[in-house]
Amino acid sequence: MKQTAQPSFRPGDRVAVRKAWPLGHIRTPHYIRGQVGSIERVCGSFPVPEELAQQRNGLPAQPLYRVRFLQRDVWPDYQGGANDALEVEIFQHWLDPA
Amino acid sequence: MNEDNGRYQPLSYFQLMEISLRELLVEKGVLTDEQVRATVDDMRSRGAERGASVVARAWTDPQFKARLLADGTKACQELGLDVPALRLIAVDNTPAVHNVIVCTLCSCYPRMLLGLPPEWYKSRPYRSRAVREPRAVLAEFGLAIPDHVQVRVHDSTADMRYIVLPMRPGGTEGWSEERLAGIVTRDCMIGVAVPKAA
Numbered sequence: 140m141k142q143t144a145q146p147s148f149r150p151g152d153r154v155a156v157r158k159a160w161p162l163g164h165i166r167t168p169h170y171i172r173g174q175v176g177s178i179e180r181v182c183g184s185f186p187v188p189e190e191l192a193q194q195r196n197g198l199p200a201q202p203l204y205r206v207r208f209l210q211r212d213v214w215p216d217y218q219g220g221a222n223d224a225l226e227v228e229i230f231q232h233w234l235d236p237a
Numbered sequence: 021m022n023e024d025n026g027r028y029q030p031l032s033y034f035q036l037m038e039i040s041l042r043e044l045l046v047e048k049g050v051l052t053d054e055q056v057r058a059t060v061d062d063m064r065s066r067g068a069e070r071g072a073s074v075v076a077r078a079w080t081d082p083q084f085k086a087r088l089l090a091d092g093t094k095a096c097q098e099l100g101l102d103v104p105a106l107r108l109i110a111v112d113n114t115p116a117v118h119n120v121i122v123c124t125l126c127s128c129y130p131r132m133l134l135g136l137p138p139e140w141y142k143s144r145p146y147r148s149r150a151v152r153e154p155r156a157v158l159a160e161f162g163l164a165i166p167d168h169v170q171v172r173v174h175d176s177t178a179d180m181r182y183i184v185l186p187m188r189p190g191g192t193e194g195w196s197e198e199r200l201a202g203i204v205t206r207d208c209m210i211g212v213a214v215p216k217a218a
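As you go down the protein sequences, you meet chains A and B in turn.
Just so you know, we're using this note's numbering here: the first sequence kicks off at 140 and counts up by one.
Just so you know, we're using this note's numbering here: the second sequence kicks off at 21 and counts up by one.
Isolated chain B (complex conformation) (with noise of 0.2 Å):
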């Protein structure tokens, strides 16, 4: 049984499934109970904070910016950020274009960025409407895109992942880089949020 708000649950078939599996692969030898636990302690460990530190040196260093756009993976290295196994792909808001991430088949998301997803990412309602309705689910999020800017969806279907690159908002004039990547928030990394000077 599953405890879920005190109150107990069925396990889904799924959640049975992978308890299975797990219980398996310890049982044979292949991993540690002690293996899983720090795995899944060092995913719950990661936030936005990596991701927050590439947007401040992008907005801080026109170099690297031009460099993070051309290959976003190559760039994150630069940084020691290593982002294994999958290409990561920057895309830039400017005045006349705002970009937003959703990955409408699953959950794809640039968890070696920004940790991991928050819920409403993976919801249906989310992976379906951003695609068909965009601006009316930034508008839900309090984020209303004025009609000349074109707004562009970015599916994460395959093998690549996305992070927004924010526009610096006016007023952080001389900011260290610490100080600007503390208004970099999760949200404005996936683009249903802008940064905010106060």
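Pulled out of the complex, with its shape left as it was, chain A reads as follows (with noise of 0.2 Å):
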């Protein structure tokens, strides 16, 4: 098995987090499940949190991304700047294309 994963996207690919609720320990906040943003770089790969909380290995690890969002996407009643702007790390296996 190969020990970690291809990225997929690259700086500046739209992207929509996934919009599930499995149970465990999960890094991808509930608030940001189902948004699309837009990559704004890559992290590196790290194992994965949801298998390394069960006492497993994490592997492949997985490509983290650090994904940019408008806030007026995320809150429809947002009061700022039409520019301001939420960032959040999420895991490959969290995105898809969008």
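Incorrect hints may have been included.
[Claimed, not checked] Simulated restraints on C-beta separations:
(1) 192/A <-> 114/B: 29 to 39 Å
(2) 115/B <-> 181/A: 21 to 31 Å
(3) 161/A <-> 131/B: 22 to 32 Å
To be clear, the hints were calculated from the coordinates, so they are not data collected in a lab.
The C-beta atom is built at its ideal place from N, Cα and C for all residues, glycine as well.
Fit the two chains together into the complex; they arrive one by one in their own frames, and the hints show the way.
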């Protein structure tokens, strides 16, 4: 088994966060699930936290991205500048192309 | 029982678990009480001065700043600051962008540069509101961000840690790195304040 999954996304790519609600130790915040943003940077690859929390090795390591969202997309009633942004670290297995 | 402002409170579930686990580890010879004490002492004695020295260097050395923005962990190692087991990302405040850091899931924080996080950083109100209404939160810290400036909130949800690189204030021309570091407070590096020359 390969120890590191290949990155599927590059900076600028549009991505949608999976709208899923599995149980366990998930590092994808609820408020961002289902939202669409763009890749800001690739942060490297890290063992999967959901697996580590079950005392497994978390391999193959998954690419981790910083994804940038516009606040007004995330919160329809957002008070503030139209360009205000939110950046969240999200693992590749939580992202789909958008 | 747990002493809290002179009043005795029952231990919470997690306090009880921490004590039980620690006592077991000592009993089994995995750790000694002295090691536990020394680690707590080390964590408590660490403050924000390491982060301030990184910011002051970035203000006085543009090439260091470029390296810091490209790879925060490596740049800190140049200053002899070891940031083990995690990756540091420095985010740059500019006239067009103001950065703020939060961890909505728990309390991820760049401890190796800023020491222990303040209580408010770990509180539910800060964690939930910083992503939802950052401008209102910043206003409560006394920081008004003009409408034309983009507020960028960084949620530390996984393996990265963040430090805000504030803008060097006017009136600090010719200051030494040490004097500059003196105006870079913890809150400036979380992004809820900005450094002032006075």
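Now the hints, each set against the structure:
Here the CB-CB span from residue 192/A to residue 114/B is close to 38 Å, well matched to the stated 29 to 39 Å. Roughly 28 Å separates the CB atoms of residue 115/B and residue 181/A, a value that falls within the hinted 21 to 31 Å. With their beta carbons about 30 Å apart, residue 161/A and residue 131/B fall inside the hinted range of 22 to 32 Å.
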